[in-house]
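At position 83 of the sequence shown (counting the first as 1) the number is 1519 in this note's numbering, and the numbers step up by one without a gap.
Since the hints were derived computationally from the structure, they do not count as laboratory data.
Predicted model only: the values in this text are computed from it and were never measured.
A hint or two may mislead.
Said to hold, decoys possible - Pairs of lysine-lysine, BS3-like flavour, derived with a Cα cap of 25 Å:
no., residue 1, residue 2
1, Lys1631, Lys1460
2, Lys1533, Lys1446
3, Lys1533, Lys1460
4, Lys1446, Lys1460
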Amino acid sequence: MHNTIERDKKPVWLVIIRLLRWHKPEGRLILMIPALWAVFLAAAGKPPLPLVGVIILGTLATSATGCVVNDLWDRNIDPEVERTRDRPLASRALSVKVGIAVAIVAMACAAVLAFYLNPLSFWLSVAAVPVILLYPGAKRVFPVPQLVLSIAWGFAVLISWSAVTQTISQGTWLLWGATVLWTLGFDTVYAMSDKEDDRRIGVNSSALFFGDYAPLAIGIFFAGTIFLLAWLGVVMNLHLAFWISLVFASISWVWQSLRLREQNLPNPVYGQMFRQNVWIGFILLGGMILGSW
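Please take these sequences and the hints and turn them into a complete structure.
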């Protein structure tokens, strides 16, 4: 009770920052990464800076919308999960009305930014909206809800790439596939920390779906990511810096896959691996930029 009182004394804007997860930047950055991969690769490492700014702000607004919508869907489930019970809507630090208002504002910001894009990118942005809004409900009806999230992440590639080229090419689809598999990998890692709570509550996750084979599935997802990124590097004739970054990423993903096979890993390890994927993504981004020049 004391903790609840202390939490409720916080200024509303601080609670809204927690609602948007801006106090945990890793989740915001990991959506930004594939969007930046796409915009830099499509522009041969030299995209227009205003477009990069729009992409960055757009991913922040989109991820904010996704976080709030997710918490609105799960406001009665999150209190039952150790990791999520203190979220503002779950703890009732914010009302549902405030949550809806914040979601509308975030979505409106994303919509305004989308008008900067060309028609193809704009309509891809529109097509992404139902996926973002419905993803939180997927865990109730679909055995691998992380696949829905991965498809949502994939839209970041399609939108950003087409924002540069006004077309979708072979390279776009290779990067899209790599992004979907990478997202399936790191989000299954993340889901492993909630596995027991999810089983008890009765919601689905890829960690539950794959069960004891989850580490193997994650290894396969990461291996597929490596294969598609290597294929992309060949198709786009990327130079040495890209291949060095891909070797680093490959070693990191192999290490994660092997570590996940250990028995009785403490829950914080899964969060650490998720955060490591942010750094892996940015190292790959650096390799893509330098390898394009």
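List of violated hint numbers, smallest to largest: none
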